[in-house]
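Chain by chain, the residues run as shown.
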Amino acid sequence: MTTRATSPQIRLIAAEHGEPKVISNGVLGMLLFVLTEIMLFAGMISVFNIVRASAAVWPPPGQPRLPVEETAINTLALFASGLCVYLAQRRFAVSRPSARTPLALAIVLASIFVVFQGYEWVSMIAQGLTLTSSALGSFFYLIVGMHALHVVAALAMMIQTWRRHARGWLHPSQLATTAVFWYFVVGAWPIIYWRVYL
Amino acid sequence: MRLARAALGAGVSAAILFLPRAGMACAVCTAGRDDESNAAFLVSTIFLSLLPLVALGTFVYVLWRRFQKLEQSREGSSHSPRLSPQGAAAAEPSGAGS
Amino acid sequence: MAESIRVEHAAHHDDHHGHHEMSFLEKYVFPLDHKMIAMQYMFTGMFMALIGGFFAYAFRWQIAFPGTEAPFWGQVSPADYNSLVTNHGSIMIFWVAMPVLIAAFGNYLIPLMIGADDMVFPKLNRLSYQIFLLSALIILASFFVEGGAFGGAWTAYPPLSTKAEYSLTPLGSTMWITAVALEFVAFLLGGINFITTAMNSRAPGMKMWDIPMVVWMIVIASILFMLSVGPLLAGGIMMLFDQNLGTAFFDPDRGGDPILWQHLFWFFGHPEVYVVLLPAVGIVAEIITVFARKKLFGYKTVLYTAIGTGVLSFTVWAHHQFIAGIDPRMANVFTVTTLLISVPIAEMMFVYIATLYGGSITLSTPMLWALSFIFEFLIGGITGIFLGASGNDIYMHDTYFVLAHFHYTFYPIAIIGTYAGFTFWFPKMFGRMMNDKLGKLHFWLTIIPFNTIFLPLFVLGAAGHHRRIFDYRNFPELSYPWMWDLQALATYSLIVMLLAQVIFFYNVITSWISGPVAPKNPWNSNTLEWTATSPPPHGNWPEGLPTVYRGPYEYSHPDRKSSDYWPQNEPA
Numbered sequence: 001m002t003t004r005a006t007s008p009q010i011r012l013i014a015a016e017h018g019e020p021k022v023i024s025n026g027v028l029g030m031l032l033f034v035l036t037e038i039m040l041f042a043g044m045i046s047v048f049n050i051v052r053a054s055a056a057v058w059p060p061p062g063q064p065r066l067p068v069e070e071t072a073i074n075t076l077a078l079f080a081s082g083l084c085v086y087l088a089q090r091r092f093a094v095s096r097p098s099a100r101t102p103l104a105l106a107i108v109l110a111s112i113f114v115v116f117q118g119y120e121w122v123s124m125i126a127q128g129l130t131l132t133s134s135a136l137g138s139f140f141y142l143i144v145g146m147h148a149l150h151v152v153a154a155l156a157m158m159i160q161t162w163r164r165h166a167r168g169w170l171h172p173s174q175l176a177t178t179a180v181f182w183y184f185v186v187g188a189w190p191i192i193y194w195r196v197y198l
Numbered sequence: 199m200r201l202a203r204a205a206l207g208a209g210v211s212a213a214i215l216f217l218p219r220a221g222m223a224c225a226v227c228t229a230g231r232d233d234e235s236n237a238a239f240l241v242s243t244i245f246l247s248l249l250p251l252v253a254l255g256t257f258v259y260v261l262w263r264r265f266q267k268l269e270q271s272r273e274g275s276s277h278s279p280r281l282s283p284q285g286a287a288a289a290e291p292s293g294a295g296s
Numbered sequence: 297m298a299e300s301i302r303v304e305h306a307a308h309h310d311d312h313h314g315h316h317e318m319s320f321l322e323k324y325v326f327p328l329d330h331k332m333i334a335m336q337y338m339f340t341g342m343f344m345a346l347i348g349g350f351f352a353y354a355f356r357w358q359i360a361f362p363g364t365e366a367p368f369w370g371q372v373s374p375a376d377y378n379s380l381v382t383n384h385g386s387i388m389i390f391w392v393a394m395p396v397l398i399a400a401f402g403n404y405l406i407p408l409m410i411g412a413d414d415m416v417f418p419k420l421n422r423l424s425y426q427i428f429l430l431s432a433l434i435i436l437a438s439f440f441v442e443g444g445a446f447g448g449a450w451t452a453y454p455p456l457s458t459k460a461e462y463s464l465t466p467l468g469s470t471m472w473i474t475a476v477a478l479e480f481v482a483f484l485l486g487g488i489n490f491i492t493t494a495m496n497s498r499a500p501g502m503k504m505w506d507i508p509m510v511v512w513m514i515v516i517a518s519i520l521f522m523l524s525v526g527p528l529l530a531g532g533i534m535m536l537f538d539q540n541l542g543t544a545f546f547d548p549d550r551g552g553d554p555i556l557w558q559h560l561f562w563f564f565g566h567p568e569v570y571v572v573l574l575p576a577v578g579i580v581a582e583i584i585t586v587f588a589r590k591k592l593f594g595y596k597t598v599l600y601t602a603i604g605t606g607v608l609s610f611t612v613w614a615h616h617q618f619i620a621g622i623d624p625r626m627a628n629v630f631t632v633t634t635l636l637i638s639v640p641i642a643e644m645m646f647v648y649i650a651t652l653y654g655g656s657i658t659l660s661t662p663m664l665w666a667l668s669f670i671f672e673f674l675i676g677g678i679t680g681i682f683l684g685a686s687g688n689d690i691y692m693h694d695t696y697f698v699l700a701h702f703h704y705t706f707y708p709i710a711i712i713g714t715y716a717g718f719t720f721w722f723p724k725m726f727g728r729m730m731n732d733k734l735g736k737l738h739f740w741l742t743i744i745p746f747n748t749i750f751l752p753l754f755v756l757g758a759a760g761h762h763r764r765i766f767d768y769r770n771f772p773e774l775s776y777p778w779m780w781d782l783q784a785l786a787t788y789s790l791i792v793m794l795l796a797q798v799i800f801f802y803n804v805i806t807s808w809i810s811g812p813v814a815p816k817n818p819w820n821s822n823t824l825e826w827t828a829t830s831p832p833p834h835g836n837w838p839e840g841l842p843t844v845y846r847g848p849y850e851y852s853h854p855d856r857k858s859s860d861y862w863p864q865n866e867p868a
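Chains as they are written, first to last, in this note's numbering: chain G, 1 to 198; chain E, 199 to 296; chain W, 297 to 868.
Everything labelled a hint here was simulated from the structure, so no lab data went into it. Idealized CB from N, CA, C, for every residue including glycine. Treat the hints with care, since some could be wrong.
Said to hold, decoys possible - 27 angstroms max Cα-Cα, derived DSSO-like pairs, lysine-lysine:
#1 E:267 / W:736
#2 W:596 / E:267
#3 W:857 / W:736
#4 W:736 / W:503
#5 W:816 / W:733
#6 W:596 / W:733
Said to hold, decoys possible - Covered, in the sense of this in silico footprint (three residues per stretch, anywhere, with C-beta under 8 angstroms from a C-beta of chain W), are these stretches of chain G:
#7 78-86
#8 107-119
For reference, chain G alone in the conformation it holds in the complex (with noise of 0.2 angstroms):
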C-alpha cells in the first residue's frame, strides 16, 4: 500500500485495510510508562513502611494525625471521576459527542480532589506537620505530593483530550491513552490511603 511511508500514522491507516494492531502506540508506550511509576510508587511505599516498622514509636509523638475520613470522603470524588473517564470512553465508541459530558465531569471531579488536597496540605502545615517535622511529615508529602504531582499531569492531559475533543480531532487511541493513565492515577490512589493514612 505504502509506495512510501512518512509517518507510523500512516500506518494507522493501514489498519483499516485488515491489520489490526493488538495495542495503538500511544497506549502501548503509556502502558509502559506506567510499569514504571507502579514500580515508583512500590519503591516509596515500600521505604516508609521500613521505616514506619523500625520506629521505636509509631506515629511519631506531638505530630497531628492524618484526615482519615476527609480524605475518604475526597477519595470517593477521585473514584468517581474515574468512572466517568471510563464512561466517556464508552460513550465515545457508540456515538462521539456523547462522550464530553462525562469527560468535563471527570476534570471537575479530579480538580475537586486537587483542590481538597491543596486545602488538606495547608491545614496540616497549619498544624505542624512539615516536611522536616517528622519521617511521618517527610513520607507524607512524598509520596501524597508525589501522587498530587501525577493527578495534575493527569488532569493536563485530560484537559488536552477534551479540547481535542471539542475540536473533533480526537482518535479514539488518544483518549485511550489518556483513560490509562489516569485509571493508574486514581488506582493508585487506595494503595498509598491505605498505607499512608490508615
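Got chain G sorted already, so can you dock chains E and W onto it with the hints?
Just chains E and W now, with coordinates in the frame of chain G:
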C-alpha cells in the same frame, strides 16, 4: 526416590531459611535490629522482587489475550489479509500488528 | 473509524519527515530521524568515554605512583581522587554504556532491522536525546562548581552523599543526583520508544522468531530498565530532599535508615548490569553468525535465556549488601539466586560457541571483537561466582578482586561490545569501509593491555588489597614491593590502551573521509538493514518498505544453492 528428593529439597530449604539464625551473632549481620524492622525488610524485599514480574506478567498476558481475540475475529472475517507468506499465523504471544 | 484516522493523520501532518529540504539545524542539531539521533548518542557517548578514560588515567597514576605528578593532570589531591573515581564510574556506566549500547544501537538498528521507516514516537526520541545531553552537561559542569564534583563513589551511599559536611561537595552531590535522575528520564523515553516500535512497526511478514537477536535483546533490556528504575528514581528524589530540604529519609539520627538507599540503588543497579549486557550479547550474536556463515545455534534458547536472565535479575540485588547488615537468611537466598543467574548466561555463551563450531570463520575486525567479548566476558562471569557466595564475599568485599571482576564484565560489554558493533555497522552508518589492518592493530593494542590491567588486580584483590585506599604508602604493613609492581603494570597498561584509541579515531576519520565506498551489503548478511543503501536515506527505504519471508540467520542453508546467505526480504 521421589520422596527422598523431596525430603532433600525440603531439608535444604529449611537449612537456608533457619540455619542462618546462627549468623545473627556475627558482628556485621543485623546487629541491634529489632524483629519488626527485620520482618519489614524481608516483606519489602519479597514484594519488590516479585512486583515487576507480576506486573509484567499481567501486561504480557493481557496482550496475549487481545492478540488471540484478534486472530479469532480475523479468522471469522471473509478476507484474511495477513501478508505473511509463511502460512497461517501461529498463535504467538505479542506477535503484535506485524 | 476511517474518517477519524484520516483526520488524525492530517493533524499530525507536520509531525514527521516531509520531503522538503531540511536546514542544518533540523538535520543535525534537532533531528527527528532515528539514525541521526543514534549518531548524536554515539558520539556523545564516545566523547564521555574519552573523559572517563582520562579520569581513570589520572587516578591510576596516583594509585601506582603516589606523591608524583601525573602528566597532564598534576598532583592528584585526595578530593580530586574521590571525585575522579566517582565520576569515572558514573560516566562509564550512565553516560557511556547506556547511551552507546542501548540508545545509539537501539535507535540505529531497531527501525532498520525490523523494516520500519522510523521510530513510532520521533519527537519523544529527540526529547530523549536532549534530556540526555542536558544530564551530561550537568555532570561535566559539576567539576567546575565550588567544592568540586561529587566524590562519594558512583553508588552514592548516604550519609556521605546526603551531608555536605561529610562530602564537602554541597553543589557537586546535588548535581550528580540530578544528572543521574535526568539521564534515567531520557532512557525511560527511549525505552518506551524502542519497545513500542519493535512491537508495532515491524515489516509485513516479520513474526516473533524473525526478529534479529539484537533487537530482541535491546527490547528485553529496555523492559528491564523500565521495571527497575522506579525505586531508584524514588530514592533519587528522597536524596535530593535530604540534601536540599532538610528531610531525614536516610539519616538514622532522625528516624531514617541509610541502608534503604543501598536497597533502592541496587534494585536498579543490578538489573542495570543486564540492561547493558543484553544489547552487547545481541550485537555479538549478529556478528558471529555473519562471520561464521552459520545459523545461530539456538535462536529460541538465546531468547529464553535472555528472558530468564531478566526474570532472575530482579531477585539478586542484595548480593551487593552482604556485609551491610542484611538478614543472613536473605543473604542465603540471594546467594542462591546470584549463582543461579550465571546459568542462563553460561547457556548463552555455549550457544555462541556451538554457533562457531564447524563454521567457516572469517577473522575480520568485528569478528575479533565479538570473539574477544565471549572470551573476556567468561572471565568476568566466572569470577562473579566467587563473589556471589556470601561467605566468600565477606572476605573479598571492597578489594581489587571486586573491581577486576566488574571491569571484566563491563569492559567487554561497554567497550568491546561497542567496538564490535561500531566496526560491524560502520559501512552502513557512514557508507565507507573501515581500514581492516588499522582495525586489527587497534584491536590487539586494546585487548592485550586490557588484560594486563585487570589480571594483576585479581591477584592484588585476592591478597587483600583494598580498593578505596588513596595512598598505600600510609599502610606499609599491608603492601609488599610486588604489589607496587603489579599496580605499576596496570597503570602502564592503561596508558598504552588509552593511546591505542588514537588509532581508532584516526581510522574512523580517515575511513569516513576517504575509505572505499561501501556497497549495500558488504558482509553478505541477511538482516534487513543491509537491504537499504549505505548510509540509508531519510525514511530508510524510499522505494517502499521491505517484506520479510524468513528468519534472520539462514546462512549456508541447504536449500539455497546460489549463495551462502539468504536475505530476509528475498521471496522464496
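Here is what the structure says about each hint:
Taking the CA atoms of residue 267 of chain E and residue 736 of chain W, the gap is near 53 angstroms; set against the 27 angstroms cutoff, the hint is violated. For the suggested pair residue 596 of chain W and residue 267 of chain E, the alpha carbons sit about 25 angstroms apart, so the restraint of at most 27 angstroms is met. Taking the CA atoms of residue 857 of chain W and residue 736 of chain W, the gap is near 33 angstroms; set against the 27 angstroms cutoff, the hint is violated. Distance restraint check for residue 736 of chain W and residue 503 of chain W: the Cα-Cα separation of roughly 37 angstroms exceeds the 27 angstroms cut-off, and the hinted pair is therefore not satisfied.
Simply put, residue 816 of chain W and residue 733 of chain W have alpha-carbon atoms about 22 angstroms apart, close enough for the 27 angstroms limit, and the pair holds. Distance check on the hinted pair: residue 596 of chain W and residue 733 of chain W sit about 36 angstroms apart at the alpha-carbon level, beyond 27 angstroms; violated. Remark: the region 78-86 of chain G is not confirmed as covered by chain W, as 0 of its residues place a Cβ nearer than 8 angstroms to a Cβ of that chain, below the required three. Three residues within the 8 angstroms Cβ limit are the bar, and the region 107-119 of chain G against chain W gives 0, so the coverage statement is violated.
When the structure is compared with the earlier hints, violations turn up for hints 1, 3, 4, 6, 7, 8 and for no others.
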